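Start from the sequences and build out the full structure, keeping to the hints where you can.
Number of protein chains: 2
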Amino acid sequence: MSHKTQEPVITKISDLPLEEARWVTLKKIDYVDQVGKARSWEVAQRKTRGKSGVDAVAMGNILLHPSKPASTLLVIQYRPPLDSYTVEWPAGLIDAEETAEQAAVREFKEETGYDCVVKSVSPAQSADPGMTNANMQLVMVEVQLGEQDEEPEQRLEDGEHIQRVIVPIAELYDRLVEYSKQERMVVAAKLFHFAAGMEFARTQTYFK
Amino acid sequence: MSHKTQEPVITKISDLPLEEARWVTLKKIDYVDQVGKARSWEVAQRKTRGKSGVDAVAMGNILLHPSKPASTLLVIQYRPPLDSYTVEWPAGLIDAEETAEQAAVREFKEETGYDCVVKSVSPAQSADPGMTNANMQLVMVEVQLGEQDEEPEQRLEDGEHIQRVIVPIAELYDRLVEYSKQERMVVAAKLFHFAAGMEFARTQTYFK
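As you go down the protein sequences, you meet chains A and B in turn. Residues in the first sequence are numbered consecutively from 1, following UniProt numbering. Residues in the second sequence are numbered consecutively from 1, following UniProt numbering.
By construction, these hints were calculated from the structure, which means they are not laboratory data. You may find that some hints are simply not true.
Straight-line C-alpha distance at most 25 Å; calculated DSS-like pairs for lysine-lysine [stated by the list, open to error]: (1) A:LYS27 with B:LYS47; (2) A:LYS28 with B:LYS28; (3) A:LYS119 with B:LYS181; (4) A:LYS12 with B:LYS51; (5) A:LYS47 with B:LYS119; (6) A:LYS27 with B:LYS119; (7) B:LYS181 with A:LYS51; (8) B:LYS47 with A:LYS12; (9) B:LYS37 with A:LYS12; (10) B:LYS51 with A:LYS181; (11) B:LYS37 with A:LYS28; (12) A:LYS181 with B:LYS37; (13) B:LYS51 with B:LYS109; (14) B:LYS109 with A:LYS47; (15) B:LYS181 with A:LYS37; (16) B:LYS12 with A:LYS51.
Model, not experiment: these values are computed from the prediction.
Laid out in structure tokens, this is it:
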């Protein structure tokens, strides 16, 4: 964070009436359940979903270097909703006219500076199904580095301050646990679960 | 879903003013960023967080049986925010006076009928850091079954209709991909990412 000059600070938290909200809103869903009973549910929604029907992509990424271990690039940024720095894979909203694959390549370039190759695109997944309709796709991407490649420039939008960290994949889980212990830092659940799944597969004794 | 008599149907979706919302709300956060500029952010929040400081737990669970492969229990339920059935690990909100561990044992019993032993508790993770302050902890639990054990009764609250599915752990990823292809079904991102991490560790060629 070369331009970082101070710690972000929250100055005010206030109720946000629906008519003033640009990015999120609240809806009441009335429905009839499995046994015919009328019920209702409260839901938070993004207002930005485009024709893809999916809100966002996250880029599970592998950096391959001729002489270094396979690594993954994480982004650390201040997130006002948590008043904390979050550790995440690069991610972003899918623009109205984009596919998930296009959004992944664009956002990865913007946040990390790297050109990537898409290896796989997951089905749509629900971010937090009890509370929101927010959904996302996990796009696995690969970056092939040369021996002498220098770290590229990011192409951040105004107001984005995103620190890049490169972690050997074999160390990912332990590093996330360490980040979680630091003051004012929190790891995003999707990244943590991926790493926990890797660690589980590596260490479990139930099957091999 | 033995009591299921019909498909749930949404009858109305309406704006939910803040003053009528019981479970969720919207806030505007004013903050000063890293370079001293005043900015604001819109956030959706739960209104139910207790003294643990964490909203929810999810139970990554292993069912051990004398003569069957190690398995995991998934829950499938209709989720009005998505108008779909979601495939998830059992999960629930942490009550005001509970620890994550207590909530995990209680919720696992309610949703699945099984008594479980807690094996590990993760740090707090952020569910969807760009949109909400919602957070959760992944609690890994184990259930030891006997050869003749029958499936226990669930202890569901009024209005909960939760189907249990038991899947061999070695098949988890493929089963989630299959579920994702079905009409009106979506897999929760945290579960999918855990399974994707397992699959990645099992199949990747970057390191072993």
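Verification of the hints:
1. A:LYS27 with B:LYS47: This hinted pair holds, its Cα atoms lying about 15 Å apart.
2. A:LYS28 with B:LYS28: holds, 20 Å
3. A:LYS119 with B:LYS181: holds, 20 Å
4. A:LYS12 with B:LYS51: Distance of about 22 Å is within 25 Å: holds.
5. A:LYS47 with B:LYS119: Distance of about 40 Å is beyond 25 Å: violated.
6. A:LYS27 with B:LYS119: violated, 38 Å
7. B:LYS181 with A:LYS51: With Cα atoms ~19 Å apart, B:LYS181 and A:LYS51 stay inside 25 Å; holds.
8. B:LYS47 with A:LYS12: holds, 18 Å
9. B:LYS37 with A:LYS12: holds, 14 Å
10. B:LYS51 with A:LYS181: Holds, at about 19 Å.
11. B:LYS37 with A:LYS28: Since the Cα atoms of B:LYS37 and A:LYS28 sit roughly 35 Å apart, the hinted pair is violated (cutoff 25 Å).
12. A:LYS181 with B:LYS37: violated, 29 Å
13. B:LYS51 with B:LYS109: holds, 22 Å
14. B:LYS109 with A:LYS47: violated, 37 Å
15. B:LYS181 with A:LYS37: Given that 25 Å is the threshold and the Cα spacing comes to 29 Å, the pair is violated.
16. B:LYS12 with A:LYS51: Roughly 22 Å between the alpha carbons, so the hint for B:LYS12 and A:LYS51 holds.
The structure fails to meet hints 5, 6, 11, 12, 14, 15 from the earlier list, while all remaining hints are met.
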